[in-house]
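Chains as they are written, first to last, in the numbering used here: chain R, 119 to 378; chain D, 119 to 378; chain E, 119 to 378; chain P, 119 to 378.
Among these hints, one or two may not hold up.
Any copy, or any two copies together, can satisfy a pair, since identical chains are not distinguished.
Each computed SDA-like pair below joins lysine to any residue, with the alpha-carbon atoms no more than 25 Å apart [unchecked claim]: (1) Lys361 - Thr148; (2) Lys135 - Gly327; (3) Lys361 - Glu375; (4) Lys361 - Asp323; (5) Lys361 - Arg202; (6) Lys135 - Pro260; (7) Lys135 - Gln364; (8) Lys133 - Thr300; (9) Lys133 - Arg378; (10) Lys361 - Ser262; (11) Lys168 - Ala257; (12) Lys361 - Asp372; (13) Lys361 - Trp336; (14) Lys168 - Arg121; (15) Lys133 - Pro359; (16) Lys168 - Glu264; (17) Lys135 - Arg365; (18) Lys133 - Leu166; (19) Lys361 - Glu266; (20) Lys361 - Gly373.
If you are wondering where the hints come from, they were derived from the structure by calculation, not from laboratory data. Just so it is clear, the structure is predicted and the values come from calculations on it, not from any experiment.
For reference, the chains in residue letters:
There are 4 protein chains.
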Amino acid sequence: MPRVIVWGENVHEQKSKVVRDIYPDGMHETIAAALRQDSAITADTATLQKPEHGLTAERLANCDVLIWWGHAAHGDVEDAVVERVAEAVWSGMGLIALHSAHFSKIFKRLMGSPCALTWREAGERERIWVTNPLHPIAAGLPQSFELEHEEMYGEPFSIPEPLETVMIGWFQGGEVFRSGVTFRRGAGNIFYFQPGHETYPTYHDPVIGHVLRNAVHWAASDQPRLAAPTDAPNRPVAEAPEKIEQRGPRLHQDGEEGLR
Amino acid sequence: MPRVIVWGENVHEQKSKVVRDIYPDGMHETIAAALRQDSAITADTATLQKPEHGLTAERLANCDVLIWWGHAAHGDVEDAVVERVAEAVWSGMGLIALHSAHFSKIFKRLMGSPCALTWREAGERERIWVTNPLHPIAAGLPQSFELEHEEMYGEPFSIPEPLETVMIGWFQGGEVFRSGVTFRRGAGNIFYFQPGHETYPTYHDPVIGHVLRNAVHWAASDQPRLAAPTDAPNRPVAEAPEKIEQRGPRLHQDGEEGLR
Amino acid sequence: MPRVIVWGENVHEQKSKVVRDIYPDGMHETIAAALRQDSAITADTATLQKPEHGLTAERLANCDVLIWWGHAAHGDVEDAVVERVAEAVWSGMGLIALHSAHFSKIFKRLMGSPCALTWREAGERERIWVTNPLHPIAAGLPQSFELEHEEMYGEPFSIPEPLETVMIGWFQGGEVFRSGVTFRRGAGNIFYFQPGHETYPTYHDPVIGHVLRNAVHWAASDQPRLAAPTDAPNRPVAEAPEKIEQRGPRLHQDGEEGLR
Amino acid sequence: MPRVIVWGENVHEQKSKVVRDIYPDGMHETIAAALRQDSAITADTATLQKPEHGLTAERLANCDVLIWWGHAAHGDVEDAVVERVAEAVWSGMGLIALHSAHFSKIFKRLMGSPCALTWREAGERERIWVTNPLHPIAAGLPQSFELEHEEMYGEPFSIPEPLETVMIGWFQGGEVFRSGVTFRRGAGNIFYFQPGHETYPTYHDPVIGHVLRNAVHWAASDQPRLAAPTDAPNRPVAEAPEKIEQRGPRLHQDGEEGLR
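Same shape as in the complex, but just chain R (with noise of 0.2 Å):
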């Protein structure tokens, strides 16, 4: 029963007519209303502009899948939460980022790459390719669905080697696009997923609700979190596995914590 929190940015539904008649209550409402046809999945939704952008530490304690959209506001974002963000991912937490955010800070910094791209805004049609038929983010898809309007995303898409190429997108216009790709950090699966700019009504496709739904179960984990993600513990030689004596010159005392 993963617990899922929808990020939403929340800015261009609040300066945008174009975007708020579509997302009248938000795009990350929208979003959560989707996973919930799942009743097997509860969902929430944080913002930009709570406090700690809705991602205390508490809550991410107890969240299982994080979403994320963001577009206009990367900048905004505070870097102690996308810390925050990212050591919950490494201890377990599953990540799904949205579109737009390929540039958001917390996708960047757990791929360690650019994340960049070619884009065009001319609401062009897009057919998305299911690559790997039978993955648990594909499970009952069609090979291919439409969206009759998308921003156009094109390769190079620099992204690191995927674990896994789910789907790859073609465009109107004559771009490709890897869509749908999956990584591992620390213990915490991530998924992105190209569709979604927010001046059309991509989020109130069912397909789209569909896969979103399937990749909350997918990077969902049901074991506990990892306790200390990044701590690197000494194994004195009394510990070690296998008898051995201290030899040599040394620059540790016992009990000494490693250096950082």
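Start from chain R and add chains D, E and P according to the hints.
Frame of chain R, contents of chains D, E and P only:
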């Protein structure tokens, strides 16, 4: 003809008689000397104490492979230099991270994961096995080679799944470690190589020098650098490869830069 | 509720008193019993000696995960059955290959590589380290676990680069081995797990049983099988997602099957 | 100085006037001529009709990279030759599989998966995007390049997850395909490259020739071949790297070969 910069933190060489006795000119000079045994490699050095840590934009622009050794002073490396190095890697510079550089800012930055491990400074024996024979980094190596004294680094090593696992280490005290692993970030090749604790003469070992020379040739690209690896260029309707027409509502006006 | 078939070669159990004393009902029955400790798993068995080795098309159609143990009689497995199993994997059945099954026809068939290794039957101690904590196959495992007596399997293990390396083994005699590795072939999940030499009581070990139960849940798919995983269907011009016209010279006439 | 054998099936060139008009000397000769534009490459040819299909043990022993084009007569390739080629790859020979060779015995043998796809012979336009800039196979390529007429190959392409995805193709009719992907099997580098339907002049295209020359240099190893890639040598107690004693019951006597 790869041009290499060997970056040495150069702290324990100054503070610790044990380290200075092994590396009187600094670890970076010993490593550079090992590289220079291959006349096809040009090796220069840089240290933490130099202005901009010896890693100016100009030097990085003329560097094919950067080798990084640090331990005591990871936190003293300026973030701006770390970002500069990361951009150089993304644009095509190779990076070889040695031993305790698993916790260097630059390696963690590029991995996007904790890069944590367990450790023990007991001078125990390590034996490194080649898991990927004929990989260019393993060229000319025996099936395995020994280091009579090394610091134990143990799994779990919280790196992303490597592109290729080239070597795995066996430790006398009972642990194992993925001792030689490759990654690509943007257009840059990355190799992490575990041996090299500063209280042992590891970088005087001829087999270690052999691996480092191999790794330099593997990591170096003979292609011009990517000009702007973090840019996300707009490709407007008029430049779409296939003829399309502007449709639907828009956030961006023609010629506008993307949001970041 | 995964339905499992445990396939046992069942040769050394008949020929060798040592093996029979440890596994009086056959290794396959001991493995099946370990799986049945999880009431969510249904485990049945099959052996080399049965007609079609107990792996009829009907049984495979109703099998979610096939576990394979073989050693002395790899060559006696009929090629037609191997192909049938391969097709089942490609269509979505999970496969767990145990120990000496690294050289089984089916595992080599699916890997496309030699799957060779070095070995020593000396009853030495093995310690297996979890390299990928919170991976579903490692759920609930300690950081490492020991087998007091195992056959040494050593690197290089000539498998393709795994999807994920979940466990690495340390051997008393000085070797290492990628002891738990995952792959996907077509729509089927594959896990190779190294412990299980027939002269030792490995499959009576509770931790080994725990790993096998985890692996079954990981490998099983809850989706319907792909209908025809080896078919390459023609999609004629009239069914192209985008309107196009037939152009240029042709080899094939409308409705013709592709060449194979 | 890579030595290449270009293997051509050479069937449609004989049977089809259309193909013969484009490739009067056979496709293999056109491909070889494209390679010879690089004076550092030595290119020879072989065809199905030659004894042992022109792929004797001696020729393979002196071949750094084998290029394979086949379509109409996959089934006529002798299994013994396929195994010989597979062993050569495992020992370090590079392999480049072109277009319809996705269904060749040798490519399927090395992948261990169906290698199926969808297709349409409509002479439609393909545009191939480089997804991995500065990858050696993409050296000197533009961001994308077009083929005015190609056979559509569409996802899902049931290959194992590639080591690296270098190129993705866009088709006019609405499909996408992973058009350039790399693998390693044993010590051999493998590149699959999708363009090359025999009724179009693809191998006369200078960009295609450029990719093939790049791929040859990438796939070739400058190291001696592995002597016996399928052997699983015993390493007896006396030769264990760490001193151990024989313990426990045994199947094998000293000096005995392993079971296969």
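So, going through the hints one by one against the coordinates:
{"no.": "1", "hint": "Lys361 - Thr148", "result": "neither (59 Å within a copy, 33 Å between copies)"}
{"no.": "2", "hint": "Lys135 - Gly327", "result": "within (24 Å within a copy, 52 Å between copies)"}
{"no.": "3", "hint": "Lys361 - Glu375", "result": "within (22 Å within a copy, 33 Å between copies)"}
{"no.": "4", "hint": "Lys361 - Asp323", "result": "between (61 Å within a copy, 24 Å between copies)"}
{"no.": "5", "hint": "Lys361 - Arg202", "result": "neither (39 Å within a copy, 45 Å between copies)"}
{"no.": "6", "hint": "Lys135 - Pro260", "result": "neither (34 Å within a copy, 40 Å between copies)"}
{"no.": "7", "hint": "Lys135 - Gln364", "result": "between (70 Å within a copy, 19 Å between copies)"}
{"no.": "8", "hint": "Lys133 - Thr300", "result": "neither (32 Å within a copy, 45 Å between copies)"}
{"no.": "9", "hint": "Lys133 - Arg378", "result": "between (44 Å within a copy, 17 Å between copies)"}
{"no.": "10", "hint": "Lys361 - Ser262", "result": "between (58 Å within a copy, 16 Å between copies)"}
{"no.": "11", "hint": "Lys168 - Ala257", "result": "neither (35 Å within a copy, 35 Å between copies)"}
{"no.": "12", "hint": "Lys361 - Asp372", "result": "within (17 Å within a copy, 29 Å between copies)"}
{"no.": "13", "hint": "Lys361 - Trp336", "result": "neither (42 Å within a copy, 36 Å between copies)"}
{"no.": "14", "hint": "Lys168 - Arg121", "result": "within (19 Å within a copy, 48 Å between copies)"}
{"no.": "15", "hint": "Lys133 - Pro359", "result": "neither (61 Å within a copy, 32 Å between copies)"}
{"no.": "16", "hint": "Lys168 - Glu264", "result": "neither (35 Å within a copy, 49 Å between copies)"}
{"no.": "17", "hint": "Lys135 - Arg365", "result": "between (71 Å within a copy, 17 Å between copies)"}
{"no.": "18", "hint": "Lys133 - Leu166", "result": "within (14 Å within a copy, 47 Å between copies)"}
{"no.": "19", "hint": "Lys361 - Glu266", "result": "between (66 Å within a copy, 15 Å between copies)"}
{"no.": "20", "hint": "Lys361 - Gly373", "result": "within (18 Å within a copy, 31 Å between copies)"}
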